[in-house]
Every structure is written in structure tokens, then in C-alpha cells.
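Starting from the known structure of chain D, arrange chain S on it as the hints suggest.
So the sequence lines, in the order shown, correspond to chains D and S. Letter by letter, the first sequence follows residues 1 to 138 of UniProt numbering. Letter by letter, the second sequence follows residues 1 to 289 of UniProt numbering.
These aren't lab readings, by the way, just hints derived from the structure by calculation. Every residue gets a Cβ at the ideal spot worked out from N, C-alpha and C, and that includes glycine. Please note that the accuracy of each hint is not assured.
As the list claims (entries may be wrong) - Computed list of lysine-lysine pairs in DSSO-like fashion (alpha-carbon distance at most 30 Å, straight line):
#1 S/K38 / D/K77
#2 D/K57 / D/K124
#3 D/K10 / S/K43
#4 D/K125 / D/K10
#5 S/K43 / S/K97
#6 S/K38 / D/K93
#7 D/K10 / S/K143
#8 D/K77 / S/K143
#9 S/K143 / D/K135
#10 D/K62 / S/K143
Stated by the list, open to error - Computed, partial: chain S to chain D, Cβ under 8 Å:
#11 H48
#12 Y50
#13 I220
One letter stands for each residue in the lines below.
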Amino acid sequence: MADNKYFMVKVISPDRIFYEGEADLLELKTTEGDIGILAGHIPLTTIVAPGVMKITKDGEAKEAALHEGFIEILGDKVIVLAESCEWPDEIDKNRANEARIRAERRLSGGNGEVNYSRAEMALKKSLIRIELADKYPR
Amino acid sequence: MASMRDIKRRKESIQSTSQITKAMKLVSTVRFQKAKTKAEEAKPYFDHMYEAVTSMLAKSEKLTHPYLQAGTSEKKAFIVITSNRGLAGGYNSNITKLITKGGYKKEDAVIYAVGRKGKETLDRMGYKIAKDYSEAINSPIYKDAQEIGAEVLRAFSENEVGEIYLVYTVFKNTVTHIPTIMKLLPVSSDSFEKEEQKENSDRLTLMNYEPEADEALGIIIPKYINSLIYGALMEALASENGARMQAMDSATNNAEEMISDLSLKYNRARQSSITQELTEIVAGASAID
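In isolation and in its complexed conformation, chain D is listed as follows:
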């Protein structure tokens, strides 16, 4: 495996196969921290944290917002099961901004009924969307 620097990446979301192709580097964020995956990685199952996923092949990088899910690394194949995932050009920045404001208000509002972890998750998601949308202006 060491002589082959490419591996298969499959990103699957409930409504489509989001991405399928070869890569030599896959970077994403997990609940345990950021990881970068090269060919020949040990088999690993881990949980995705909201973040930017970067698929690189021969120096050409593709970025996407990856929010929830888990990944399975199986030697020459990486499967990302994403509950929600989008390319920068699919992001609706206005909606993300609204979501951010809503989440911030809920977090700072502080009445007892707020589900903090959910609001925090929503805030994180919206921030990632905004970040990516700013990076790739249409």
C-alpha cells in the first residue's frame, strides 16, 4: 500500500452520493480533533464534528462543509457517512447568517428551556457555512 499514494474517498449523505473519487489527502474534523488521512492509514472509525472537509488530489483541493456523521477508514478506502454535507456554492449565506443570529440569541437568552448543546451545534454549523461561503464567493 505504501507505493500507492491514492486512496478511494466516498462521501455519502442520505439523499445522494456526495463525492466519490481518488485523493491523496483527506482532512476533516472529528470529535477528538482534526485529522489528516493519507493512504495506508490504520483502520479507524470515528465521529465527525462540524467542520470543513478538504479533499486533496495532486495539489488540487476541494472543500466542503461537513456537519454530522461518522467516518470509516479501511486502508485503501475511506467512507464518510454524512448526515449533512454541502459544497461552498450550495451554501445559502443569508440563511446561515440568520441561523447564526438565532443560535446566538438562544445561547445568550439563557432561559431554562434552551437546549444548549443543540443551539451550540447550530451555531457551529452556521459559522462553518459562513466561513466557507466567504472563502469561495460566487
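Leaving out everything else, chain S in the frame of chain D:
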């Protein structure tokens, strides 16, 4: 024999019914095609999800995660997926029959209804409806599945229910839809193990988990449940429209048959009235002579 006018009126009413059923058939054909493509697009996600969870469970036999054990509560939760609209043949009644005739005690069943038809039927029969998610079936999105999943998992972890079942219609192909009852929780690992152990035994020993396997399981199983619910919603939608397409097709055929039958009767009635008139004229003419 009925009078000509009666037959004509009857024929016209059937004609307009057949126009309606024909239009509905066309509509459901279009909807069916859409639902079918969506169900097929969703498929890879569940296949991989299933694979991942089975291999995890096969490895972690000794795990004692709460999701793997039945709760002490006698109650059983049923997520019942039916349609909001009728005229789909036996589609809805087949689903409700699975519960009413399935040997489950009425007092122990807690229904989470998706689809108005099933909810109404079960409500009338005296089942307890815990929640109604009927809007979801119109055009299911993943978020609906997440909501339902979160609700039943909450009920399970608070020991309101001991087991969770999913009742829906499996979409096999265009003409075959199978009403099914499927156990969601506790996840029974024995059903997976046999097939998996052979092919994956070498892979399993190597797999690492981050965080630890049982913690990862606690996060992945809810996702697994959500994906099963979402898959069931998609398949049920395809089945519903398939069933309606078939029902409307046979209704249109029946109407055509009745129309041709009535046309024959109408022509006969007309002919006999003409014959009668002629006979009367001839009789009248011969009386004058």
C-alpha cells in the same frame, strides 16, 4: 330493462369517474417515479450505515450498551408509516392490520403515527397515539427522521417503552410492496453476526475506534436509527404511490368495462324502443285499412 335515460345517465356518471381515476393514475405515476428515484438515491447511505453498524456490533459482543438491551417497560413503541390520503387500495389497511392482528396487547402499544390514515384507524380502535408526524410523509426530509428518532430514543432511554418497532411498507419493486414490522431497538446483534463474521473477521480485529467503541456506539446507533426511519419513509412513499397507481389503474379498467357493458345495454334498449315504435305504427296503419 332499465329505461334508455337511466342507462345513459349511469354511463355518463361512470365516464366522469373514470376520467378522475385516469387523472389520478397519471398524477401518482409521476409522484411514484419521483419517490422511486429518491428512494434509490438514499439507498447507498443505508447500505453503508448497516454495514458499519453490523461490523461494529459483531466485534463488540461483550458490550452492554443500553441500546442493545430491552428496557424493563412492558410498553412497545410502534412507528407506523401510512399515507395522508386514501384511494390507495389496501395500502393503509395492510399496515394497520399488522398491528391489530399481530398479537400485540392494545394497552402496551404506543403509536407514533406518520400518516393520517393509519392514525385515524388506530385511534378509532382505541390505541394510544403518542405523537403524530403526519406532515412528514408529504415530502420526507432527513430532519423529519431525526425528529422522530430523537423522540423514540428519548422514550426508550427514559424507560417509557421497552422496545421500538418500525411498521412500514417495504418497496421491493414497482408491483411488489410488502408491509413489514421491524424491530429498531434494542438492536439484536445475533441476527447480524452469522453473515458478517465470515467475511469481515480479519477486518474487525484491526478496526480502531476513536472515541472508545462503546462511546462511539452510543453516537452511531441513534444515527443508525435515524437512517432506518428515513429509509422507511422514502420506501413507504414510493410504495404508497405505487399502490395508488395500481388501484387507480384497476379502477379505470373496471370503469371501461362497465361503460362498454352499459353501451351495449343502451343500444339494445334503443333498438327495442325503435322496434316497438315501428310495430305500433304498422299496427295503427293496418287498423285504418
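Do the hints match the structure? See the list:
no. : hint            : verdict
1   : S/K38 / D/K77   : 26 Å, holds
2   : D/K57 / D/K124  : 27 Å, holds
3   : D/K10 / S/K43   : 14 Å, holds
4   : D/K125 / D/K10  : 22 Å, holds
5   : S/K43 / S/K97   : 27 Å, holds
6   : S/K38 / D/K93   : 26 Å, holds
7   : D/K10 / S/K143  : 22 Å, holds
8   : D/K77 / S/K143  : 28 Å, holds
9   : S/K143 / D/K135 : 27 Å, holds
10  : D/K62 / S/K143  : 26 Å, holds
11  : H48             : 6 Å, holds
12  : Y50             : 11 Å, violated
13  : I220            : 6 Å, holds
Checked against the numbered hints given earlier, this structure breaks only hint 12.
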